[in-house]
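Colleague: If you want the building blocks of each chain, they are given just below.
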Amino acid sequence: GDKVKQSPSALSLQEGTNSALRCNFSIAATTVQWFLQNPRGSLINLFYLVPGTKENGRLKSAFDSKESYSTLHIRDAQLEDSGTYFCAAPPGGRALIFGTGTTVSVSP
Amino acid sequence: EAAVTQSPRNKVTVTGGNVTLSCRQTNSHNYMYWYRQDTGHGLRLIHYSYGAGNLQIGDVPDGYKATRTTQEDFFLLLELASPSQTSLYFCASRGTNLSNERLFFGHGTKLSVL
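Residue numbers (the numbering used here), protein chains in the order written: chain A, 247 to 354; chain B, 1104 to 1217.
FYI, nobody ran anything at the bench for these hints, they're computed from the structure.
Just so you know, even glycine gets a beta-carbon here, dropped at the ideal spot from N, CA and C.
A hint or two may mislead.
Stated by the list, open to error - Sample of chain A residues at the chain B side, in silico, Cβ under 10 Å:
hint, residue
1, Gln252
2, Ser253
3, Ile343
4, Gly345
5, Gly347
Claimed, not checked - Heads up, simulated SDA-like pairs for lysine to any residue below, C-alpha to C-alpha not over 25 Å straight-line:
hint, chain 1, residue 1, chain 2, residue 2
6, A, Lys251, A, Leu282
7, A, Lys306, A, Pro254
8, B, Lys1168, A, Asp327
9, A, Lys300, B, Glu1204
10, A, Lys249, B, Thr1199
Let's have the full structure, built from the sequences with the hints guiding it.
Modeller: Here's what the structure looks like:
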């Protein structure tokens, strides 16, 4: 089954609105990373998290290792936030396993 | 920001052809990875390495070889390419300390096997 499950699979947002993406783990994750694949295909590292929260501009992420989930909040969505968001975690600490992504479309 | 350089950016070959994808990182990272990305499957790990001369098998290794010649350079080899290997390939690297465990990707190589 899916070791890293993301929801929702797709999301449509209007500019200026807020939303949350979720990542559930069926592996013992001690860290999590979030990436954005932009429309040009580049994969950008947004966050590296140990249990707790981090904020970067309009993005905020939280990771609860005991409950095995992580969230990514987008505040005041902008057109440039469009793309596919991936979460990933390393079982056993070596190679990251990726979720299948949440595709976010922000419209004016 | 960490730099990972892949080459070529695009490659077209025929079934049975021999292809080498190159990746170089200048971040002094120990770990390097090769992933393939396909619609409906997300990113899947092919091979990875934690240092020069080391190779670890990933989740979808069949049909691929890899070699880590130096700390900086990691190559993916397709010796008898098949159409099922048409994909977008990403190389990535990371360190092993809490301060540099973030994973950084190259821009990707689009491979078409005809």
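Colleague: Please go over all the hints and tell whether each is borne out by the structure.
Modeller: Now the hints, each set against the structure:
| no. | hint | verdict |
| --- | --- | --- |
| 1 | Gln252 | holds, 9 Å |
| 2 | Ser253 | violated, 14 Å |
| 3 | Ile343 | holds, 7 Å |
| 4 | Gly345 | holds, 7 Å |
| 5 | Gly347 | holds, 6 Å |
| 6 | A:Lys251 x A:Leu282 | holds, 16 Å |
| 7 | A:Lys306 x A:Pro254 | holds, 17 Å |
| 8 | B:Lys1168 x A:Asp327 | violated, 36 Å |
| 9 | A:Lys300 x B:Glu1204 | holds, 16 Å |
| 10 | A:Lys249 x B:Thr1199 | holds, 23 Å |
Checked against the numbered hints above, the structure breaks hints 2 and 8 and satisfies the rest.
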